[in-house]
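Student: Given the coordinates of chain A, work out where chain B should sit on it, guided by the hints.
In order, the protein sequences belong to chains A and B.
Numbered according to my numbering, the first sequence spans residues 1 to 416.
Numbered according to my numbering, the second sequence spans residues 1001 to 1311.
Calculated directly from the structure, the hints in this document are not laboratory data.
One should not assume that every hint holds.
Label pairs and their computed distance ranges (CB to CB) [said to hold, decoys possible]:
(1) Thr1269/B x Asp33/A: 19 to 25 Å
(2) Thr364/A x Asn1171/B: 23 to 29 Å
(3) Pro1079/B x Tyr237/A: 38 to 44 Å
(4) Ala363/A x Phe1111/B: 54 to 60 Å
(5) Glu1113/B x Tyr237/A: 17 to 23 Å
(6) Ala1271/B x Tyr237/A: 37 to 43 Å
Where is the CB? At the ideal position from N, CA and C, for every residue including glycine.
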Amino acid sequence: MELLRFATAGSVDDGKSTLIGRLLYDSKAIFEDQLEAVERVSTARGDDYTDLALLTDGLRAEREQGITIDVAYRYFATPARKFIIADTPGHVQYTRNMVTGNSTADLTMVLVDARKGIVEQTRRHAFLASLLRVPHLLICVNKMDLVSYDQAVFDRIREEFTAFASRLDVSDMTFIPISALEGDNVVTRSINMPWYEGASLLHHLETVYIASDRNLIDPRFPVQWVIRPQSSERRDYRGYAGRVAGGVFRPGDEVMVLPSGLTTKVAGIDSFEGPLDEAFPPMSVTIRLEDELDISRGDMICRPNNKPFVGQDLDAMVCWMTERPLQVGDFMALKHTTRWVRAVVKDINYRLDVNTLHRDEAATALGLNDVGRVSLRVTQPLFYDSYRRNRTTGSLILATEDTNLTAGAGMLLGPD
Amino acid sequence: MESETSEVTAGQYQLSHLRAIEAQSMHIIREVAAEFERPVLLFSGGKDSVVMLRMAQKAFWPGKIPFPVMHIDTGHNFPEVLKFRDSIVEELEATLLVASVQDSIDAGRSFEEAGVDPSRNRLQTRTLLDAIAEYKFDAVFGGARRDEEKARAKERVFSFRDEFGQWDPKNQRPELWSLYNGRHQVGEHIRVFPISDWTELDVWQYIGQEGLELPSIYYAHRREVFRRDGMLLSPGEFVHPRDGEEVFEAVVRYRTVGDMTCTGAVESTAADVDDIILEVAASRLTERGATRADDRVSEAAMEDRKREGYF
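Chain A extracted, bound-state conformation (with noise of 0.2 Å):
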């Protein structure tokens, strides 16, 4: 069975409770305990209706004021894969937790009112989705039973949407009218949209290849931690763990390490479970090679003929989610895959307004919630590669170095 990871967005009147908590208890991930207690709750507050919001908004301030604080995550899973979902709240914090739910996702799942069609938070879903290069995009209309099953109200927000997302670097969409609350086609194929000749919600989710998402191409191995086991029967053992962040390892490969740029062999790729063949994303294993070399944790296995970039000088596009502003001149803590370095910011070449994509040249600092375009200078080399190809080694994160604060995500540009 495949975990498959998706990240939804949208406020409450979009459904997208509804349709979440439509989704956990078609597939009984939903407990009879838990929806008793949501049921008492609602009953208590005067709710109309059982608000199954209050499964996830779990916090005593959340359920006080009625809104979504922060990420919740859940957990369902069918006879075909496992799902995390990363809800994240419509108002509140948007862009920070759009990013924080975007960051690991296979897929985003956006909702549309069909009544209202897209509205600027659609567009700004749909480009927060794109920036973090979430591999497939899905576009929910929902609420069609509100507007009489009309295919032509579908086909008119699909166009419009297509429109808008030719300006964004998406590589798949899929579109698919339903009604959370009636259940159509959500879990099965509706009978009164019999012009739509897609997959249900449920069996998308189930089946959209994610299996080439990863990159498959660039053997990236950053080292995590170095085993020297110092028993009498291992005296010599020395292994390299970590997490496979790009292409395929296997035993005999001709391998370079970063900073040193030495090259030696992979002799072999240890797990608890014995000798593997090959290692790929995102597989946590244990690299020896041939030739004892001087590694540490930070340094970078690849191969000779398929490096990253090494530089001090980075460019990446940031989303600042924190109140004191990012401006030039600031010194960061800042990590990338496995090391942690200091980073200094060099220039704020643009904030992106993230509704109309206008690029603000003029700006000087990225406030809570901004994006921009930023270029740093680092106190080490890192070795990365750039967001649009490598997920792993192409974010960083920046950190606070008086309050330690995860201040900004970044996601690298390659070098001009």
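Tutor: Quick look at chain B alone, frame taken from chain A:
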């Protein structure tokens, strides 16, 4: 660069969902070992901590686990669980620390709750925080899962705790990709939850796949029980049936393992892992809803305890 991998080839490189979440958990465990001075892994002998311990073993194999294992001992343990704890720690050649709630009470740091059969569930927090301070632990692995409870659904993998051990759910660090931020100042620490993304069913499937041993009380057995608040409790030194609570024998098993005073059994004939996987897949009650009195205090009982520094 080279040509794109075709869909046909990409399909060969697939991991099962268990292998995928295992790889993620091992990555988290290694990050902690590499970035912190003094990590510790909380081990209760329960199924979640058994799974976590197995992945710690895998993450550093053939080396040993590079941090100690700590049990917060309420003194209200199932004897089977203590026996199991000692044998697994010995097998892995791990270092076991025991922090005792009774010691905290004797030292005047904690006070037994009033009433008949007091639970020591909440008292564990003081003992845990004192142990963290005493040993100067800066990272504490816990086996909590996001599917367990609604406050835990909002929990980070790396969860920051201030100098009072407090969790501030409204002010959590965003967590992106697999880039975990464990930075903290002296006196603060990070709680780390490597199996955040696992469900109860995943845990059981993994136990089956790995052939992991568990305390015997997880499997169906005959036991004397009585009913209280819809739960089946086991009478003994720490739990006494009150008037009208009739003791009877039943075939039961435990879905969670906690303090004997607040952990209930469920009627079940599931005698091995395969039976339990079927039972869990078909169950319409969460494990905590079915068996934990400590979560029933209020709608936000878990959030309140977590804010104080609970697991």
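Student: Does each hint fit the structure? Answer for all of them.
Tutor: Hint check:
1. Thr1269/B x Asp33/A: 19 to 25 Å: holds, 22 Å
2. Thr364/A x Asn1171/B: 23 to 29 Å: Given range 23 to 29 Å: holds, Cβ gap about 27 Å.
3. Pro1079/B x Tyr237/A: 38 to 44 Å: Check passed, 39 Å falls within 38 to 44 Å.
4. Ala363/A x Phe1111/B: 54 to 60 Å: holds, 57 Å
5. Glu1113/B x Tyr237/A: 17 to 23 Å: violated, 51 Å
6. Ala1271/B x Tyr237/A: 37 to 43 Å: holds, 41 Å
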